[in-house]
Structure formats: C-alpha cells, structure tokens
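> Chains as they are written, first to last, in our numbering: chain A, 39 to 423; chain B, 2 to 544; chain C, 1275 to 1704.
Hints are computed from structural coordinates only; laboratory data are not their basis.
Each residue gets a CB set at the ideal place from its N, CA and C atoms; glycine is no exception.
Treat the hints loosely; a few may be bogus.
[What the hints assert, rightly or not] Residues of chain C placed beyond 12 Å of chain A at every Cβ, according to the derived structure:
id	residue
1	1356
2	1656
3	1698
[What the hints assert, rightly or not] Keeping only pairs whose Cα atoms sit at most 20 Å apart, straight-line, the calculated EDC-like set for lysine to aspartate or glutamate is:
id	chain 1	residue 1	chain 2	residue 2
4	C	1493	B	240
5	B	117	C	1655
6	B	117	C	1470
7	B	97	B	74
8	C	1492	B	240
9	A	156	C	1671
10	C	1499	B	371
11	B	112	C	1459
12	B	112	C	1434
13	C	1493	B	383
14	C	1677	C	1470
15	C	1499	B	240
16	B	97	C	1581
17	B	52	C	1651
18	B	112	C	1581
19	C	1493	B	212
20	A	388	B	207
21	C	1582	B	100
22	B	119	C	1563
23	C	1493	B	207
24	B	52	C	1459
25	C	1575	B	371
26	A	232	C	1459
27	B	119	C	1436
28	C	1525	B	212
29	C	1525	B	233
30	A	232	C	1394
31	B	112	C	1671
32	B	119	C	1655
33	B	237	C	1394
If you want the building blocks of each chain, they are given just below.
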Amino acid sequence: MITSFLAKALGRNIVIAAAILLALAALVPALNLLTAPDHALHVPTYVVSLFGKYLTYALLALALDLVWGFCGILSLGHAAFFALGGYAMGMYLMRQIGARGSYGNPLLPDFMVFLNWKELPWFWHGFDKFWFAALMAVLVPGLLAFVFGWFAFRSRVNGVYLSIITQAMTFALLLAFFRNDMGFGGNNGLTDFKDILGFNIQSNGTRSALFAASAIALALSLVITSGIVRSKYGKILIGVRDAESRTRFLGYRVEHMKLFAFVVSAMMAGVAGALYVPQVGIINPGEFEPANSIEVVIWTAVGGRGTLIGPIVGAIVVNGGKSIFTAAFPEFWLFALGGLFVLVTLFLPKGIVGTARQFVERRKEYRKAREAEAAAFAAEPQAAE
Amino acid sequence: MHARLIHRFLQCLFATVCLMVTLLATDLRAADDLRVMVDALGGGNFQENQKQVEALARTGDPKVVPALEALAEGDLYQRKIDGIVFIVRPAGSSFKLIDALTGEEAGEEAKAALEKIKVNNGLRRTIRAALGGLTLMSPDVAVRLQAAGTILRTPSADALEGLDAALAAETDNAVKVVLGQARAASILVSDRPADEKRAAVATVVETGGRDSLSLLSAALASADESLRPDIEAGIKKIDDQLAIWAAGQNIWYGLSLGSVLLLAAIGLAITFGVMGIINMAHGEMVMLGAYTTFVVQQVIRTSFPGLFDWSLAIALPLAFLVTGAVGLVMERAIIRFLYGRPLETLLATWGVSLILQQAVRSIFGPTNQEVGNPSWMSGAFELGGMTITWNRLWIIVFALAVFVFLLFLLKKTAMGLQMRAVTQNRRMASSMGIRTPWVDALTFALGSGIAGIAGVALSQIDNVSPNLGQGYIIDSFMVVVFGGVGNLWGTLVGAFTLGILNKFLEPYAGAVLGKILVLVLIILFIQKRPRGLFALKGRAVEA
Amino acid sequence: MSTKARATGALLAAILSTTAFNGAFAADDTIKVGILHSLSGTMAISETTLKDAMLMLIEEQNKKGGLLGKKLEAVVVDPASDWPLFAEKARELISVDQVSAVFGCWTSVSRKSVLPVFEELNSILFYPVQYEGEESQRNVFYTGAAPNQQAIPAVDYLMENEGVERWVLAGTDYVYPRTTNKILEAYLKSKGVKPEDIMINYTPFGHSDWQTIVSDIKKFGSAGKKTAVVSTINGDANVPFYKELGNQGVKAEDIPVVAFSVGEEELAGLDTGPLVGHLAAWNYFESVDNPANAEFIKTWKAFTKNDKRVTNDPMEASYIGFNMWLKAVEKAGTTDTDAVLDAMIGVSVPNLSGGYSTMMPNHHITKPVLIGEIQADGQFETVWQTPGLVVGDEWSDYLPDSKDLIADWRKPLECGNFNVATGKCGGKGS
C-alpha cells in the first residue's frame, strides 16, 4: 500500500534505486566489518572508501541534473558548491585536530602557525562544532547560489552566457582560495584530519559509516529530487527548460522557479562535498577547477541527462573507469576517457540510462504493436465469418 | 754631393731600422707581458681573475679585447698540459684553438685536454666595464657608441681619463652625447670637487630614466651637504617623469595583454561565436599551432640554420593548414552530427581535447619544448621612459592583422557571405542553393586554423607544452562572451578592455586579486548586459 | 533502465574487486615498487621524468640481480595531478598491489594528501623534491632539499660574492614559496637587511603575463643598491618569466635572479642565451663532473633513447632515495616496513655530486649545496659549493613556532615534532 503510494509519487524506478542504496548502506559496512578479510564476500576497506567517494560524486551529478536536466540551466560551476561544502567540513575537521597538530597549538591549524598567524580569522569561529559546520556546508553554497541566481535569473542571463559566468564564478573562487592570505591554507588546502565526531577518521568503522551516510544521503536526495520533478512545480520546471518565454507568458515567475531549483541543487552539492572530504582526507582549491565542473556535466551526460538514475550511473561509470584506467593504462587512459565522451555523444545522445529507457519503450511499443497486430489478425477471420 | 746624399740616406735608413727594431722589441715585450697576463687568467679564482681583468684593462691595449670578449662568453680555455690560454671554437667533438692575442689559428685539441676558465656575474661585470674602456677609441662608430653606453651603465672614476680623451677625439655627435652622459655619471661616483659634480648632476638629470635615478640615489647617500638639494630635486624630477611614463607603460602592457587575449579568443569567436559550438578543444588547436612552430624550427635548426629568422613566417601557413585540417576532420567526423545540440558539442569537444593533449604528450613528451625568438622579435627598445619589447609589439600588430583579415573574409568575400548566411538561417541558406554542410566544415576549419596561427604567436611568449591550451581556454570564453557572442568587433573590444582593466588593477590589487576582480566585474557586467558588449538583436537570438 | 544501471554498477564492482583480489594473490617472487607520479594534467611536465628515472633505476638494479634474490617490479599508476586521486592511488598501491615502498609525489599538496594513507597502512614513501620543510613523518623519507639546503646558502652567496643589499622575493602563491620567503625574510633581517629593502611578490599558478612584475623589479632595482631576485616561481610560470626578463633586458650582471625551482628540465624549453648568469641553487647539476654522474647520464640517455634528455636535481634525489632503500632492505634482510624504517636511519650512499649522502634521524638527508649560473647551452655551471655537506633541517630555526622543534625517529624518542623547550613530543604534548 505504502509502496504503491511511493511508487506513484516518485516513480517505481526511483523507489527501487533508493531501496538498493539503502540496502547497500547496510550491507557494505556489514560485509566490511563483520567478515574476515579472506572471506569470499569480504569488501575491502579500499573498495568501501572508493565507492563512498563515487557516491558523493553521484550526489553532485544528481544535483547538477536537477538544474540542467529538468530546468535547462547548464551550470559549469557546480564543483564550486561542492568545494564550498567540502571546505566547511574541512574546517570542522581541522578544528578537531586541536593540539595534536605539529606545533601543538590548541587553536590555530598548522598552516596558520608556520605562516605566523597570531589569531584565528573570524570566519573560522564556530567550526569547532559539528552542527555549525554541517549547517554551513549547506547554507554557504545555498547562499552563494541564491545571490548568484537572484541576479542572473532576474537579468534573464541564460544559455551559454549563464554557463560561462558560472564558470567565471568557480574560476574566481579557485583563484581566491589559492591565495594564502584568504586563510584557507592556500594550495595545500586542509589535510591531516584526525577524527570526526570523536571517531578516528582512519578506522574501518568510520569509513563504513561515511559510506553508509553517503548512500543514505544519495537515496534521500533521489527521493527529494524525484518528488520535486514529479510535482506540479516540477512540470513547470520542465516547461521552463523546453520553452522559457512561453512559460513566462503563461504567467509563471520563471526566475523564481529557476532560483529555487538552483539553490536546492547547490545545497545538495554542498552536502556531497561535506561527505566527500572526510572520505578522501583532503580539500584543496583544485576542487574549484573549472575542468572539474565540466567533468560533472560529462558524468551527467554519459549517464543520461533528465533522468534521475542517469547521473548516478554516469558518475560511477566514468569515475570507476578512471580508477581502473589510471592504474591499468597510466600512459593511455586519457585516450580511453576522451574516446568515451566522443562515442557517448555520438551514439548514445540520451546517455546510458536514457538510451536504455528508449530501448525498453521501443520494445514495449513493438510488443504492443505486435499484440495489436495479432489481435487484429485473430479478429479478421471472425469478421469474415 | 752625391756621396753626402747617399750618406744621409744611409743614416736615415739606419735610424729608421734602429727605431723599427726597438719598436718591434718593445712591442714584442709588451706582447709577452700580455700573454703572461692572459695566461694567468687560467687557474685563478673569480676574485683573482677580476683583478687580472682590471690589470688587462689598464694596459689599454686593444689586443686583449678578443680574449676578454671570449672570457665573458665562456669561450676562453686553458690547455691543461702547458697552461696556455686559447679562445676556442667548437669543431665537432673537439675544439679549434685560436691564439688569444693574435687571433691566429693554433690547431685543434680534444675537449678533455682543455679546461674552461669559469666566469660569474661579478667577473662578467668587470669585463664589461673593461671592454667599455678599451673600445672607446674603436674606428667603428657602433662599437664606440656601445662602449660609451657600457660606461654609462657601469660608471667608475677610473674611466674618466679615457672618457676625456675619447670626448676630445670624438667626431660623431650621437656618441659625443652618450660620452658626455657617461662622463657625468663617472664624475658622480668619483671624488671630484663639488661644483664639477653639480654640473654632472644636471647632465644626469637631463639623461633621465631608471639608470640615472639609480645613480642619483646612490650618489645621494655619500654626497656632501651642498650637493644634496640638487640631487634631491633631480631625483624628484626624474620620478615625476617616470610616473607619467608609467601610466603610458601600463596602457601598453594592457594592450599587449589584450592582444594575447584577442589572439587566443579570435578562433573561438568563429567556432563558438559564429557557429555556436562550445568548442572545448579550441585551446588544443592553439597548442597544435605552437607545436607546428616547434617542428618547423626544429627542421630549420638541423637543416637550414640560415632560415631561422623566417621560421615564424614559414610556420604560419603550416600551422593554419595543420590545425585547419584537424578542425576539418573533427567537424566531419563528430561535430556535424551535433548541430542543433550545442551543449553536447561541449561533451564531444572536451573528449577531443583530452585525446589531443595526450596525443601530443605521447609524441613530443610532456616537457616544454624550446621555441626560439627570431632576432627581430628579441630584445626591446626605449620609447621615452617606456620599455617596449619587440615580441609584444609584433604580437599586437599580428593580432590586429589577423582580426582585419578575418573581418575582410567574413564581410567582403563570397565565402564569408555564405558562412554568415548559413549560421543565421540554415534552412533559408540551404534553399538558396548554398551547400550548407560544406560551408559548416569550412567555417570550423577556418576557426581552427585561426586558432593555430594564434598558437604560432603565443609560442613566442609562453610555454610550449601539452598544457598550453588549458591556460587559454577559460580566458578565451570570457572574452567572447564579454564581447558578445557572434560579433567579431565585440571580441576585439572585449579583449582589449579586459587586458587594460587587468593591467590597471594589477599594480593596486596584485596579480591574483586583480584577476579575481576582473572575473567578478565580468559576472556583474553580464547581469547588466546579458548578451555581452555587442549584442545581436532580433528574433533569431531567442532561438 | 534501472536494471541496466544496476547491471553496470555490479559489473564495475566486479571488475574492481577482481583487480583487488588479483593484486592480493599475485605471485610472490618479485618485490613490488610503487611509482606515484602524475603522467597527465598540469604536473605531468615535471613528474613524468621522475617516473622514467625510477623505471630506469629499477631496470638497472634488476640487471645487477635485483634485491634479496628477487626481481624488482615497478607498479606505475597515474594520479593525474589530482590531489584526492593521489590518496586513492596510494591506497591502491599499498593495499591492492602490496608494494614494498612508493616513490612519488612532486607538489607539497600531493604529499600532504597521501600522508595519512601511508600512516594508516604503514608503508614507506620516498619524496624526491625540494620542499618547504615543517614536516617530518615516520613513513616518509625526504630526499629533496629542505630550505636550509637551498635557499639560505643561495642568499649567503649573493650577499658575499655579489654584494647584494636589496632583495625581491618573488614566488607563486602557494605554501613552498610562502614558507621559504618567511624563512628568508627572517634570515635577511637577522643579517641586518632593512624591511624597505625587501620586496615580496606573489603570483598565481601558471602566471604568464610578467610585464608588470618585471618592470616593478627594474624599478625596485634602481634605488642605487645592488639588487637580486630570489625566485620561488613554480614550474610552468618560469618560461614566460625568463622570456620577459630577457626581452626587457634585465641582465644577470645587473639584477641576478636566483631560482630554486628551475633546473635543466625547465631550461630545456628556453633559449638560454639572454639568461646567461642567472642563478639556481640545487644539490646537483647535470654538469657536475665526476664518473658516477657521467655513468648516470649515459644510462639515462640510453634508457630514454634520446640524446637530448637532461638530468636534474629531483632525479638525483630519486636516485639517492632508491639506493638508500636498497641498502636498508639489504641491511634489514626484509622489505617489512618497520624493519626497513629502522634500517634506513644512518644509511649512507654515494650521491651524484661527488660525495656521500646519509639518512639522518629526522628522515632528511645530508647534501652539498651548489650554486650554478645558467649557461648558453641550457646547463648550469657551478660557481660556488658548500665546503661540506649540509644536514636537512626539517623545522626551520628562523620561524618562531618551529625553532624549538626537532625530529628524531630513533628509539626511544621516535617523534617527528619534539619540542626541546617543553621536553614533549609536540603532537601529543602541551
């Protein structure tokens, strides 16, 4: 009963995908922690943290798909929101080191100590509390997206212009965070984390918990986005994507619609970033690199833009490929990756999931047509009689 | 009478011969002394050699000039076996020896049998000053001018005598002026009386420029009270002059940066601006152009060394053809399937850019390749208080030339007309009988080719490495969008505006913050004018 | 379609875990050595050479019979100049490929990114690049120069031999230049240089338009005092910087530039004619004349099949690190991490500058410091050399917070940041 209700509100596939993610969130940590390392079903910690990382990428791609796939805003700066969320979490983790840093300074992180900083910059206050950092990981990207979107959508900046200024935004942030004077550790970024919420960040248990948290966050976001795009509001969003002027002329406040989607998406990206940092152990301005944002677009496109499962599949396939290729063919993997992008665009224009869906639908239609034909054929002699 | 005449003649002859013999003898002895001094250069440390060079300079004998020049160039070697010092020229795996004083050839020797006489900056500085003094009386005007210039830059009290003599003998006016300036500079650092120095200060102030400022500042520290006001006034005067020139210099830097941006963006203005393809492989086209230049120079270096100054001229059409061909292949193989899906071109061209980068890395290696400046692009000249480097000047000229060429091509030729027709209304153009696929391919090839020749120019100022293109792609998109997509004039104005803006912010905000500010300003500007500086108008825009 | 998605995911997981298990159950007749250098992305330009150098060293060692009777096997991965990927690849090398030691990293951020991994999985990293110091970690051996093995001798040379009184400290805005310049600033002030005679300038990565800064340097240099530039400008930005210097006519005789990140490899991309006389401070130059170096260069050119390939300081640091590791493994008789860590300290191997380098208890090594001037052929000529070897100083004496710290990884201290003032191991104490 509930399932049928959920299936109706969210779509059957979404419910299945979310259920799988939740199952993974329970199963993978269990297999990692409870089985012996030489057990056939044992999942090595290496794989746990690797897939934990992929899941945060998947969440980022899902966030992008909400604005690009359903609202037509091609953001080439989504990695900026991801990185900001990551920095918020990184700052919390930095503060958790406390006096265990190299210099034993209870308040200042190491990089401030050896650059002769005397006191903590104002924006580092509060980050010693997890709830504050968690809030900031969502609020800061959301606020940036709100301010940026408020101006951009009101001025009706769209299409490639919008894409390029989002790129300018992330590039400006990249340069800003590179500056050591900003107080975010410059190029070295934030590293050497010790623990999170009192748990050792390197222990298997914490890694499994982070994996589970990522899977749950992804499942939740999937449900939320699905709820959004299947609601009435979602239909209007798609209207904005397909015919913006027409939607506006129908009386909808297009810029508000876009702004809402953009801010929600940025917040999701921030959550992804916050989950990403403790799993990889470093956050540095390189995350703001415009190329990273373009890669997110590519994951989404490879998986299937405008489908919610697609970005998740795309992020995992592309990054999994990268992980394998960089070890298997370190000299040639860029050919493989580049070739993949070209081939997907040419032969799978709707992405993996989109194409698969098309295939299934065609089969269905074909079958229906065959059935209809058969029915007609069966009916004919009767008619003749 | 006859006998007396013969006698007188013989007397004369004898005297002459005697004189000649003595002269020859002293000359020989002098040459001997010189040889000992030159040979002493081998085996000395830097300080000792510095003294030795000064001693050589004091002989005033122009014969030591080649040896000193060779020493400065690092071509002076000592033969290990007998300690004789030679100038060497490389000849295959061994060295050709040249006598350090007479300039005669003295056989060949294996590299291992010789030891290089090392030079460092201090020694090189001493040599430069010594050479200045020694070549003041050279018959060649250019050499004299250079010598005077050298003393002007490295003034010393020791040089004054030589300068006075040179001034008296000098006939060329230009050299005379520089000699006068050098003399004034040398007086400033000497212990001459105050009134002589006062006159010198006036001359130095008149000369102007950074070097004079440096000289005056140094003099101020040791000057006596009566001179101080003069020097301080002089410093202020030069400072004020320089401040005015500094503004001009800044505009120049801005123009120069703008021209680089223009070159980087102009190919994109066609592929992205006119055709609407989000061409992420644009930077790689620029890179391919730069590598074409490298290959051309490599061939020239090994096979036709005389043509080196022409290397860029040869590389230009080749780069255009190479990148144009790559563009053509790209369009036919990939992009033509993506018309009407502009965002997907981003994906495919990104893939192509990764492949091209890695291909270049596999073929040429990941390290920087050396692309040399031809002689006409090296160095700088002074324009008032501004330093203008030749390569920047030529790049500005070149960027504008490319712009004009492109404008002409698009606006005045049949091909340009077809290109514009196809991009503005494909179906209409098609029904008018234009072969649209053909035009598409050519347009993309043109944009790529232009990016390639930009690469030829950029190879002169930047790294030639597989990462070259990545450095320009974002800036290029900013320029095109800021100027207004689809408008060449917009790209021109956009590039120069951003260049000058950047250079005016840089002194106040620093290079990093300046760049951030420019980006923020672009974002704000786009809010004000959502379609860039020169927006296309009309219904076609919305589609 | 979600079936398809699941299928793909499952497939991928299967592939990944098979590679994982393959590694774990690989035959045990070789000793694996991980090579963690970027082969693509922005750092490929510098790091690829080190990968090649390591492959060459391993090949040469195998010709000599390998190690402990086993062949060495190189495992090469590409972390693609992506810092989190460095951590991922390090984890893969250690836990999947089960390598005995890893040689890798170039930038400080990549090292910082992999540090926790080496600590957690208890493996060994050899880091072959000069860096800012302020670090000493149990699992890492630093075979490149610390600031006192490069920067301070260079400044001493300029002060004594060139009479420099005014200093421009120009660097790329990241941690190495920032720290080095902080140390230099304190050092210069301790030598009586006035604050107005020091100009500090930072530029972004890959900065390519140097017109304004070069003209600022000229301006700063025209105050009547001998001026020098101390450059901590990073890799890629150097070529345009030197081109601009050459074109604007800044001659080494007037304003010498001494660089800590410019080696033979960087100069190979430049016409060095106009740059003759500018300086660099390293612990090795290709031009150093001794039999070991000649042999090394010959092997390198043969290995790369390229007569024009140059050698450089980080290659020498890799060479030293690799030989130290061989010797320590032989001494310990095993590749077991803890045994090798113990055996490493005190190991002494010949370097290529004509002497011996020793691994000190602080995991840094002793090296000679060479000052070289750029020559027209793209090589350096040594104009000055420290009389003896200099011990790498991990915690600088010129920074207020680090001057009391020392590192000593021998028993019983076993501490990377021991505070001599409080008598406590910094991280655990206070």
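> CA of residue 119 (chain B) to CA of residue 1436 (chain C), is that 20 Å or under?
Distance ~16 Å between residue 119 (chain B) and residue 1436 (chain C) Cα, so the pair holds.
> Between residue 97 (chain B) and residue 1581 (chain C), does the CA-CA distance stay at or below 20 Å?
Given pair residue 97 (chain B), residue 1581 (chain C) is violated - Cα atoms ~24 Å apart, limit 20 Å.
> Does the structure keep residue 52 (chain B) and residue 1651 (chain C) at a Cα separation of 20 Å or less?
28 Å, violated
> For the pair we were handed, residue 156 (chain A) and residue 1671 (chain C), check the Cα-Cα distance against 20 Å.
19 Å, holds
> Is the Cα-Cα distance between residue 237 (chain B) and residue 1394 (chain C) 20 Å or less?
64 Å, violated
> Please verify whether residue 232 (chain A) and residue 1394 (chain C) have alpha carbons no more than 20 Å apart.
11 Å, holds
> Would you check the hint for residue 1575 (chain C) and residue 371 (chain B), treating anything up to 20 Å between C-alpha atoms as holding?
19 Å, holds
> Are residue 97 (chain B) and residue 74 (chain B) close enough, with their CA atoms no more than 20 Å apart?
16 Å, holds
> Between the alpha carbons of residue 1493 (chain C) and residue 212 (chain B), is the straight-line distance 20 Å or under?
10 Å, holds
> Would you mind confirming whether the straight-line C-alpha gap from residue 1493 (chain C) to residue 207 (chain B) stays at or under 20 Å?
19 Å, holds
> Does residue 1356 (chain C) really sit off the interface, with its C-beta more than 12 Å from all C-beta atoms of chain A?
7 Å, violated
> Keeping to a limit of 20 Å between CA atoms, is the pair of residue 232 (chain A) and residue 1459 (chain C) held or broken?
Not OK: residue 232 (chain A) and residue 1459 (chain C) at ~33 Å, beyond 20 Å, violated.
Hint compliance for this structure: hints 1, 3, 6, 10, 11, 12, 14, 16, 17, 20, 21, 24, 26, 29, 31, 33 are not met, and every other hint is.
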